[in-house]
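Which chain is which? The protein sequence lines are A and B, in order.
Those letters in the first sequence? Residues 1 to 224, by this note's numbering.
Those letters in the second sequence? Residues 1 to 248, by this note's numbering.
No wet-lab data here; the hints were simulated from the structure.
Among the hints, a few may not be true.
The following label-pair restraints were derived from C-beta to C-beta distances [to be verified]: (1) V35(B) x Y223(A): 48 to 54 angstroms; (2) A26(A) x F176(B): 49 to 55 angstroms; (3) A202(A) x A54(B): 38 to 44 angstroms; (4) V87(A) x P172(B): 31 to 37 angstroms.
Note that beta-carbon positions come from the ideal geometry of N, C-alpha and C, so glycine has one too.
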Amino acid sequence: MSATRAIAWACSRDLVLALRSKSELALIVVFFVLVISLFPLGVSPDPKLLERIAAGIAWVAALLATLLALPRLFALDHADGTLEQLVIAPAALPALVAGKVFAHWLTNGLPLVLLAPVAGVQFGMQPPAIGVLTIALLLGTPTLSWLGAIGAALTVGTRSGSALLALLVLPLAVPVLIFGAGAAEATASGLGAEAHLSLLGAGLILTSVLGPFATAAAVRIAYE
Amino acid sequence: MAGIHWFKYSAPANFYPLAGRMIPWFGTAAAILTVIGLYIGFFVAPTDYQQGEAYRIIYIHVPAAWMAMFAYLVMAGWCAVSLIWNTRLAAMMAQALAPTGAMFAFVSLWTGAFWGRPTWGAYWVWDARLTSTLILLFLYLGYIALRAAIDDPRRADRASALLALVGAINVPIIYFSVKWWNTLHQGASVSMTSSPKMAQAMLASMLILAFAAWFYTIAVSLSRVRSIILMREAHADWAQQVAKESAK
């Protein structure tokens, strides 16, 4: 099987599976909105303060929502033996893994990107900053998915909980958080967001190239 | 030199006695250098004209911070060796280094807080160095926690090695992102890089203590790797004999 076909096959399989449990998908979206809505209650309803911290809140919520969805990436396939079949399948494992991660991003990352403008409006952000926040999330959430995929693959079948996954993934995601939240702030302060967005794009390229191989290696380690 | 078979010592059974012979040397060197370095730092080095006596905490703080960073690189190096050549001893060395590296990261944060209170007026500021050291501590803790979560030692070796390598690629990215993040917000209230030129005695004390931290790390990780070797080779005859002899 060629690499492109392997990616397409793994992606469409995971999409079908995800769409058959729509309520779980909706839960991630609800979680994202819920976390965002907690901040004004916990911090202050002052519109000026909220506008300043809106991008950071959206990013932290996106990080947590990504983290929450990660166990679904490999754990179910590991439980019913599908993952083992993928490892011994006559197709390149990095390609299969790439398809799975892409499907995971389409179902868990993309909804957050689409919801970002709503969050921006909710916090009184200016339209240009909202646009930059959305673009930054579009570039940053696939990177988060790849970092998370490595962590999820390393912890497949271990007796650790999601707390370990958070400890593994969150420190690695710090640069994405900094550049992602910084992009919207740079726009709001008139500096322009090109530098931040370029760095996010560079991170996306780096993780998209190295991620499939690192994740595939991590999955193989689990079955040796 | 050509007469020594270095690869002989990549076998845990041969490395165990070698490590045992090296520990006293490195341990003694660490102790002597610590005493000399602290003596110079506390009795010979002059008082800083800006920071008073409080600055003397850097003699612990700076070597600890250097060691925390360097130990991660060495650990990632051992992890790479263990993944590439599939050697058990390299993975054991990485496993032995992690707690010491985490300890030094914690010590540098803790002493930094005590230095920051009189100097900056706050125990903690979101300075780039502080933040990246904190993240480094989390990377260590993640490595240790992942090892602890996997029962099969060989799988734990490889999984944690992969994590350490991903972390090592990310460490410079984290460091520079945190640095840019902070400079974008505001300059640090006190900059370490533009501090007045250091007196000779201060620098000497700091360097001596940095070497002491190195030798301490080597001695402690060798001692730890001996325990790890015994635990993991418990099925082997030589390990059982060693355990019996030490029990006498």
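Structure-based check of all given hints:
1. V35(B) x Y223(A): 48 to 54 angstroms: holds (52 angstroms)
2. A26(A) x F176(B): 49 to 55 angstroms: violated (38 angstroms)
3. A202(A) x A54(B): 38 to 44 angstroms: Holds, at about 41 angstroms.
4. V87(A) x P172(B): 31 to 37 angstroms: For P172(B) against V87(A), whose Cβ atoms are near 32 angstroms apart, the range 31 to 37 angstroms holds.
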